[in-house]
Amino acid sequence: MPVFEAFRLALQTIRAQKLKSGFSLLGVFIGVASLIAAWSIVNGVNRYMTEKFAQTLYGVNTFQLRRRPMFAANVPDSVWRAWRRRPRIKFSDAEAVRAALTMPVVTAWQSDENGSVFYGGKEARDIQLVTASERYFEIKNLRIAIGRPFTAQENRSGVPVAVLGDAVAKRLFVDRTPLDRSVRIGGIGYRVIGVVERQGSVLGFPLDRFVVVPAMSPAQNLVNPPGVLDALLVKARSELEMRDAMEVAEGVMRSRRHLRPKQDNNFVLDTSEGVQRFWAGISRILVIVLPGVVIVSLVIGGIVIMNIMLMSVSERTREIGLRKSLGARRRDVLRQFLAESAALATVGAAFGIVAGIGLTLLINAVSPLPASVSPASVVLGVIMGAGVGVIAGVYPASRAARLDPIAALRQE
Amino acid sequence: MTPPGPDLIIFTRELVREYAMGGEIVRALQGVSLQIRTNEYVAVMGPSGSGKSTLMNLIGCLDTPTSGEYWLNGQPVSDLDDDALARIRNKEIGFVFQTFNLLPRATALHNVELPLIYAGYGARERRVQAVHALERVGLADRMAHRPNELSGGQRQRVAIARALVNEPSILLADEPTGNLDSTTSGEIMQVFAELHRQGQTIVIVTHEHDIAAHAARVVTLRDGVIATDRRQAA
Chain X
774 MPVFEAFRLA LQTIRAQKLK SGFSLLGVFI GVASLIAAWS IVNGVNRYMT
824 EKFAQTLYGV NTFQLRRRPM FAANVPDSVW RAWRRRPRIK FSDAEAVRAA
874 LTMPVVTAWQ SDENGSVFYG GKEARDIQLV TASERYFEIK NLRIAIGRPF
924 TAQENRSGVP VAVLGDAVAK RLFVDRTPLD RSVRIGGIGY RVIGVVERQG
974 SVLGFPLDRF VVVPAMSPAQ NLVNPPGVLD ALLVKARSEL EMRDAMEVAE
1024 GVMRSRRHLR PKQDNNFVLD TSEGVQRFWA GISRILVIVL PGVVIVSLVI
1074 GGIVIMNIML MSVSERTREI GLRKSLGARR RDVLRQFLAE SAALATVGAA
1124 FGIVAGIGLT LLINAVSPLP ASVSPASVVL GVIMGAGVGV IAGVYPASRA
1174 ARLDPIAALR QE
Chain C
10 MTPPGPDLII FTRELVREYA MGGEIVRALQ GVSLQIRTNE YVAVMGPSGS
60 GKSTLMNLIG CLDTPTSGEY WLNGQPVSDL DDDALARIRN KEIGFVFQTF
110 NLLPRATALH NVELPLIYAG YGARERRVQA VHALERVGLA DRMAHRPNEL
160 SGGQRQRVAI ARALVNEPSI LLADEPTGNL DSTTSGEIMQ VFAELHRQGQ
210 TIVIVTHEHD IAAHAARVVT LRDGVIATDR RQAA
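So the sequences go chain by chain: X and C.
So the first sequence is numbered by my numbering: it starts at 774 and just counts up by one.
So the second sequence is numbered by my numbering: it starts at 10 and just counts up by one.
Hints may be right or wrong, so weigh each one.
Claimed, not checked - When the alpha-carbon atoms are kept at most 25 angstroms apart in a straight line, the in silico SDA-like pairs for lysine to any residue are as follows:
hint : chain 1 : residue 1 : chain 2 : residue 2
1    : X       : Lys793    : C       : Ala115
2    : C       : Lys100    : X       : Phe777
3    : X       : Lys793    : C       : Thr116
4    : C       : Lys100    : X       : Val776
5    : X       : Lys791    : C       : His119
6    : C       : Lys100    : X       : Tyr1168
7    : C       : Lys100    : X       : Arg1091
8    : X       : Lys791    : C       : Lys100
9    : C       : Lys100    : X       : Glu1092
10   : X       : Lys793    : C       : Pro156
11   : C       : Lys100    : X       : Arg1103
12   : C       : Lys100    : X       : Ala1180
13   : X       : Lys791    : X       : Tyr1168
Worth flagging that the hints you see were computed from the coordinates, not collected in a lab.
Can you make the complete structure from the sequences, with help from the hints?
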């Protein structure tokens, strides 16, 4: 019997037994749907990470001189300890690097620590307290909604003024204007001079829970030991100039740290690539865990299909006997049942693909997770669905093929 | 093994078939030598347990003998493997069963096409031949009907058309009227008579004397051997 006939027959049988077929499709359906949905999420977040997130977090053509990378996945303890032993970045380091950069760049200091901000009887807890220099807003692309950022003069003199993140302003002041009111940070009064535009969130992390104060203001003692900063931010005009600036910065730092040519840097020049590598680490884990889930549901789906097919073989023993008496060879019967279970699984996979795509669109619409369907997942879904069908069909089909026609015909 | 003469459709020599049943060996056939010529109309009779079903399974190539020879249409078939037997059944034998054995969800036409699918014919040729076979049994106007839309007699005629569609060497009918009333039985026997007149070789297994009376030759089995073998005027 030609393969085409086998599939036509298979689809007829599936149509004739809709309910039973529906149940046997379920496992493969769930497997393929979850494969596509999960893959779509990883895929979408990947794109988001590379295109948007890294840029918001770092800014375009920006690098940071830091003691250790800001984001790192799967770092062994030994590496982590080595990072912690590294010398901190000093104000003098930052000054020296800035002085050495001859190309037009924008630089800013940045340190941060978690803390609380108080106003009257109210407390905004778990706030990112940022001590930074005046160009920080420019580099981070933080636009001021009301008021103004602090000036270079205010920064140098360490005037206690504060620029609030949107969430902090809302928490402490609700509907009143925060401008010119005094909030307390580390027991010292800071005059609010501005509020930053709402930034929203990335992957569910709020981006508005921060307050920025001058790097030289009293809060510097809450954040770092004296004379130490977390990062020097350097924004160049182009990728090329950024690379040049990084080379200069590396040279300056190496000579200041007296590193010999064979010694590794004991500081990092972190770019948005770092974040992307961090995300790649996470998504690799997802890509490893995800198939587990999919495989489990496909195996269950396969077992269900196998059982349904075994039932089907025993119900249709007489039909098999008849077909054999009319000249069906073993391989004809085998092919018929294999086609049937492959068709069952493929139909399940097809529904799974539709559901997976639907789920992806739904996730896009209602959750902050960006998702986009990967064509590779669709292809893989079809292949795995059909594969499960064939594998699950082998045993029932070979049982059918081996039936003795006389006994099969005699069965009631 | 000496090949039989050219006009012998069925030639068996000392066919023996034994079964192991619960540790005991049952000798269902104990040496049957039977020769059937082209265009013979033979009835095989015998009480239950006489071995007629076993003989019918062997003749129909559904089973292989424990010992002895079987030549079908000039070919030795006693030692063939499963797939080769399937091919012989497909090309040389047309089965008609007591319970019709039609596929319930398929139309009459599709039921008749079944052997042609296994013979490897394309869709168009299958249709032409199946329509022709249904015309031969007088069911040209029932082709699109499913078995449950047909009477018992009509169903059996569909089954006969299916048996004929590959133009087999023999038509092998096992109690073909066992599930039919006497009027319908008569009609079916008319169909067989007509096919015989057209040159078809027919073997009918039955225990009813008035059915066997339609055949030109009656072979009676008893205890696994041929008890009588006589020709009669049809």
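Now for the hints, and whether the structure bears them out:
{"no.": "1", "hint": "X:Lys793 / C:Ala115", "in the structure": "20 angstroms, holds"}
{"no.": "2", "hint": "C:Lys100 / X:Phe777", "in the structure": "22 angstroms, holds"}
{"no.": "3", "hint": "X:Lys793 / C:Thr116", "in the structure": "23 angstroms, holds"}
{"no.": "4", "hint": "C:Lys100 / X:Val776", "in the structure": "21 angstroms, holds"}
{"no.": "5", "hint": "X:Lys791 / C:His119", "in the structure": "21 angstroms, holds"}
{"no.": "6", "hint": "C:Lys100 / X:Tyr1168", "in the structure": "29 angstroms, violated"}
{"no.": "7", "hint": "C:Lys100 / X:Arg1091", "in the structure": "21 angstroms, holds"}
{"no.": "8", "hint": "X:Lys791 / C:Lys100", "in the structure": "35 angstroms, violated"}
{"no.": "9", "hint": "C:Lys100 / X:Glu1092", "in the structure": "19 angstroms, holds"}
{"no.": "10", "hint": "X:Lys793 / C:Pro156", "in the structure": "23 angstroms, holds"}
{"no.": "11", "hint": "C:Lys100 / X:Arg1103", "in the structure": "16 angstroms, holds"}
{"no.": "12", "hint": "C:Lys100 / X:Ala1180", "in the structure": "22 angstroms, holds"}
{"no.": "13", "hint": "X:Lys791 / X:Tyr1168", "in the structure": "23 angstroms, holds"}
In terms of the numbered hints stated before, the structure departs from hints 6 and 8, listed from lowest to highest.
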